[in-house]
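Protein chains in written order, with numbering that gives the first Met the number 0: chain R, 0 to 189; chain D, 0 to 189.
Read the hints as simulated data drawn from the structure, not as lab findings. As the structure is a computational prediction, the values presented were derived from the model and not from experiment. Incorrect hints may have been included.
Intra- or inter-copy, both count: the list cannot distinguish identical chains.
No more than 25 Å apart at the CA atoms, straight line, and that leaves these computed lysine to any residue pairs for SDA-like [claimed, not checked]:
| # | residue 1 | residue 2 |
| --- | --- | --- |
| 1 | 61 | 143 |
| 2 | 14 | 170 |
| 3 | 174 | 70 |
| 4 | 174 | 144 |
Number of protein chains: 2
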Amino acid sequence: MEHWDNPEYKNWGAKWGAMMSWIMSQQYFRENLQLGTGGETGPVNDLLRGTTERIGANIMGKRMFEQGERAWPENAPFHTAVYVLTHEKREPWSRPGGTTFYFINDGPQHALEMARESVGDRDIRIAGGADVIQQYLNMGVIDELEIALAPVLFGEGRRLFENIFRPEPQFRIDKVLDGPAATHLRYVRQ
Amino acid sequence: MEHWDNPEYKNWGAKWGAMMSWIMSQQYFRENLQLGTGGETGPVNDLLRGTTERIGANIMGKRMFEQGERAWPENAPFHTAVYVLTHEKREPWSRPGGTTFYFINDGPQHALEMARESVGDRDIRIAGGADVIQQYLNMGVIDELEIALAPVLFGEGRRLFENIFRPEPQFRIDKVLDGPAATHLRYVRQ
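Next comes chain R alone, as it looks inside the complex (with noise of 0.2 Å):
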């Protein structure tokens, strides 16, 4: 976060650009992150959309909601309630657009219970960081996993499936779509 402003840092910036190229070209988050018209209309489009339309509150850690708070727009592209789980204590904050964000400071098991009470028959997506979704993970209350994979090693990597302490195998692959820039493997609960 310290070298947010210095791109070129560790040459960050490119690594960041060729991670994220994917979801820079997709139709839907042009249009939902007010990048611009155009872009890709395919399957992952359709995956980005079909699961973002299907959720009704996020949840997500400290360092992630202060990255997006200087990244995103004004208009924060969630639209729906967004627990953050932090230390913090924090008013909570609403962006015009539908997103309010709610700083929770008792927990994960906490924070889904508020996501659960607010979401209706629609779905909760744990938005990340690894950690959070290692807290997740061990609940047992995860039922699909989106994972875009890029081949690009950015510095020494944040590691998704460690610190999981359920012996069991727990996932089956659902779907995998095959894009020039990363691949996207859906799993879903055995």
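Could you slot chain D onto chain R? The hints should help.
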């Protein structure tokens, strides 16, 4: 290794089976390991056969060799020279079917030189494990990566892409094959 004879230890036998099931069902693999006739003959089998048949020498680590020494049939499944990186001093060991294991005590660069001398116009495969692959990735000599990615958490896991000190993105996606038990990623150097 000390639980080799007890596949119920931490359920390792079932997990190993789930992780390896994609290859156990391939016709070429079954034929090569003398596991029986039949098996799948689709694009994954073609990839496996095509890669294996252009290999003129293999390089592997000590742990992979020691596991294989127990598990491979007498007619070991390489049919080439195999250079084993180890501190053990041992005479070359020839197996029926054209596999000879050479035990290399002076590091990966020397193993690569020996492989290059023996290989003619065929290719060299770095068979594994992860730490050996990392050493050759850091030497910048890897042209292709073929990864079979199965959604199985096997213990703590061994990480393929860590301890990599080369700063640039090195690989692009060349091909993805979508199987029911594994996703096959073929990356080539940019």
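Any hints this thing doesn't respect? Which numbers, in order? Checked against the structure, the only hint that fails is number 3, while the rest are satisfied.
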